[in-house]
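J.: Take the two lone chains, each set in its own frame, and fit them into one complex as the hints suggest.
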Amino acid sequence: MSVLGLEMVAKALKLSIPLTVQLDLTYRCNERCVHCYLDHDNHGEMTTAEIKDLLDQMADAGVFYLTVSGGEIMMRRDFFEILEYARKRTFCIKLKTNGILIRKQEADRIKELGVESVQVSIYSHIPEVHDAITKLPGSLVDSIEAIRRLRSHGIQVIMANVLMVQNASDYQGVKALAEELGARFIMDPTVTPMMDGDRSILGLNVDEAALREVFRNEGLVGSVEEFCAPPQGPDEDALDMLPCSAGHTACYVSPYGDVYPCVQFPLPCGNVRRTKFADIWRDSPELKEVRGITLRDMPSCSQCTHGATCTRCPGLAFLEGNMRGPSTQDCEKSFARTGIPSENLKKKKASPGAIQSSQLVQIQGLQTAVMNFSPASAENESVNA
Amino acid sequence: MNDKRYVSRSTAIAARVLGDEMMVMSATTSTLFTLDEVATVIWEAADGATPLDEIVTNKVCAQFDITPEVALKDAEVLVEQLAEHGLLLLSDQPILQSSASPKVNL
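In order, the protein sequence lines correspond to chains A and B. Note that numbering that gives the first Met the number 0 gives residue 176 to position 177 of the first sequence, counting from 1, and the numbers run on in steps of one. Note that numbering that gives the first Met the number 0 gives residue 22 to position 23 of the second sequence, counting from 1, and the numbers run on in steps of one.
In isolation and in its complexed conformation, chain B is listed as follows (with noise of 0.2 Å):
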């Protein structure tokens, strides 16, 4: 059985980098978020393929001081989070992405 809880950015948001934030909003209801330096990493990472806890080790944990463990609860908590606003989207099984799927280099 696969584990693996894969994330993908929703192809409804619109997103920026603004100074040293990541603006988000949703396209659905127009509300607009702010993601904080981990937030965003987690967020651009998010690209369908690459299983959370891949991306927990290999881009929060290489870029910030903290224990993978810890990461990983508090990216589950984000990721649901940001899901429940449609911002991205969950799955356990890697999320095909459609040609209108939003750039990494936003």
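Pulled out of the complex, with its shape left as it was, chain A reads as follows (with noise of 0.2 Å):
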């Protein structure tokens, strides 16, 4: 990020202002990833009209970067009449896609409509590798023409990769394919639990050792030397850092309307068929609990010598039971970087029992704020309304 977008995020923090907001229009998909954490029922999206109430509501409020994301955004037949609205309110419009429905014309309205940057995912340069992972033939060959359309309209494109058992070989090739398309690459090496705390698809995460494979690829993390250098262990200034933006200048809305931290932190905050935007933003007691928490305030993570360097996700914390606690999978991560295990780490070794309790889901009403909502009314433009 560049100094002005670094300073724009500080000035968003003092002033308490939602810098960046996810949007997700649906969860409906036309893939069905084995990885996914979405359930692709339809409880219940939000409407036409209730959409850009929201986007109005959001501009409002100060949100600057939208991503606009799924389930497939392209699964909504008003698509394109919510991104013209969010180009009139004058967001600054991030898609996430797996681009399978973006032909020639889809592709001159994206580029007409200014949108920043189009994410899409591709997990394997293979496309039996890649088609099994999204359970839909012929996807890759699909997803690529996409990319190639919207690079053709100089639009920017980044290939998001993200690494699990199945493709575990192959990020160099998908790396390779998007420097050949002209896309910027990024990979996430964490499967995460699904929203509903259901974590059977964790089994799909790499072992260590190809995590430390990834974590030692210069081309991937820069200087391996820095990278993977020891941590030093949190100083006082650092007990005092904000774990994350989730709460504090960003935030994640369903399509049903819920308010979370962050599309990763399933707590909910509030409802906007309920409540406004900005008052769940700086009344909810849930997102104010959150913007409490300091390092200082997480009993094993400000102990843990890692506490400071740590890329500590404080929705998957929420998860595993605490969102003061640590995140067992950044902890696997921390390790395979740098080869020292964790506080946490080290008390499960020491008391395997402990994982079991620490394992624990712990959501909060989710199933019930879902359940709770009103059934899709005859406005709502989408596909399978």
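Derived by calculation from the structure, the hints in this document are not laboratory data. Just so you know, even glycine gets a beta-carbon here, dropped at the ideal spot from N, CA and C. You may find that some hints are simply not true.
[Stated by the list, open to error] Below 25 Å or equal to it, Euclidean Cα-Cα: the simulated DMTMM-like pairs (lysine to aspartate or glutamate) are:
(1) A:K110 / B:E43
(2) A:K10 / B:D19
(3) A:K287 / A:E6
(4) A:K87 / B:D2
(5) A:K134 / A:D187
(6) A:K13 / A:D236
[Said to hold, decoys possible] Only part of the chain A face toward chain B is listed, based on derived beta-carbon distances under 10 Å:
(7) L14
(8) L18
(9) F90
(10) G113
(11) V114
(12) E115
(13) K348
T.: In structure tokens:
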């Protein structure tokens, strides 16, 4: 991020402005990825009118970066109507899609509407591997074709690769493909639990040896010496650090209007069908609780040598049962990176029984919140409404 | 001959008032800019229909202690710079805005 971009984030933090929002338009999808954390049924998505009203509210609240995601965003028949409205409200718009439904006409429209970037998930450069993950035959060919179309329009494309057991040895091939297509390559080495807390898909995560290999790839991490340097432990300043932007300058809104600190942090903070977005952002007790947490308030992480340098995700910690606790998946990444176990991993090794208790899932009323929503009204323009 | 200059906000921009500053980003280059108060007034008034000299006279000089001659000279430089970065469109004719043109109330 540029210096000005960092200044903008600092200013938003100071002014309590939700600078960044991810809005999922739908959880419906034309792929069925084996690692996906979503339920693809439609439990009553927001209508076109509701989404436009939300975009107005978000613009008025100061939201600048708007990531429009899903599900597959183009499963909504009103997608371009929503996108056009978002353009009018001058958001910096980023799209996440599998690209399968992006033909020439759609690429033209995306270009015309000044979208900042389009992120497309590519799991492997080998069709059989990618298609086995998406469970949609021909999906790699279609996604690559979409990337070519977007690039030919001069649209910035990000190719996102999720590392898992099925494609552990393919990231170099995907990176080379990204270079060939003129796309930016990013990789996420973590498969996360489903939003309902189901942790069964965590078995798709790669093992420590594979993580170690990735973290020692200069093409991905830059200076390996720096990236894998032994941690120094948190100093006094670091203890006052905020965990991440979730709830501070960023939040997530589901297709049903639920507001969460982050897409990866399923703590319901309110619903825009009942409460104004700005009121939820300002007054939600849950968001206030999230904002109140610094490294100093985390019993295990504040004592951990990785405390200041860990990629700890508060949402993953929440999904493990305690938003002030460690995120074991990040502990494992810190270990793979440096060879030094975290306090959490040491405790787990010393007391294997603790593993069971710390892996209990804590979901606060997510199911109840989903089921309480009104069913889709006649105004809903979505494909399956 | 029409020697008026017309300015219109580009459709491919992101913009938001953050505290006392206007943040503007070009979607084509992802480059972020901040506009000061005077630049913000001109940018907000750039509707494609109002000539630049009228914007300067009616908006800038009405709000800031500056002569029209100096303000217009500065405004000419500013709009050239904003146009170079794709944030504004310049023309010697009124510029028709598309349905996706950004709203003024950011």
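J.: Between the alpha carbons of K134 of chain A and D187 of chain A, is the straight-line distance 25 Å or under?
T.: The given pair, whose Cα atoms are some 20 Å apart, holds under the 25 Å limit.
J.: Should the hint that L18 of chain A touches chain B count as held when the rule is a Cβ pair under 10 Å?
T.: L18 of chain A check passes; min Cβ-Cβ to chain B is 8 Å, inside 10 Å.
J.: Using 10 Å as the Cβ threshold, decide whether L14 of chain A counts as touching chain B.
T.: 6 Å, holds
J.: Keeping to a limit of 25 Å between CA atoms, is the pair of K287 of chain A and E6 of chain A held or broken?
T.: Distance ~23 Å between K287 of chain A and E6 of chain A Cα, so the pair holds.
J.: Does the alpha-carbon distance linking K87 of chain A and D2 of chain B stay inside the 25 Å limit?
T.: Violated, because 30 Å separates the two Cα atoms, which is more than 25 Å.
J.: Has the given pair, K110 of chain A with E43 of chain B, been kept, meaning a C-alpha gap of at most 25 Å?
T.: 23 Å, holds
J.: Does G113 of chain A meet its interface restraint, that is, does its C-beta lie within less than 10 Å of any C-beta in chain B?
T.: Interface hint status for G113 of chain A: holds (3 Å vs cutoff 10 Å).
J.: Does K13 of chain A pair with D236 of chain A here, judged by a C-alpha cut-off of 25 Å?
T.: 18 Å, holds
J.: Should the hint that K348 of chain A touches chain B count as held when the rule is a Cβ pair under 10 Å?
T.: 45 Å, violated
J.: Can we keep the E115 of chain A interface hint, with Cβ of chain B closer than 10 Å?
T.: 5 Å, holds
J.: Let's test the interface hint: is any C-beta of chain B closer than 10 Å to that of F90 of chain A?
T.: 6 Å, holds
J.: Checking hints one by one. Is V114 of chain A an interface residue toward chain B, by the C-beta closer than 10 Å rule?
T.: 7 Å, holds
Hint check: violations occur at hints 4, 13; the rest are consistent with the structure.
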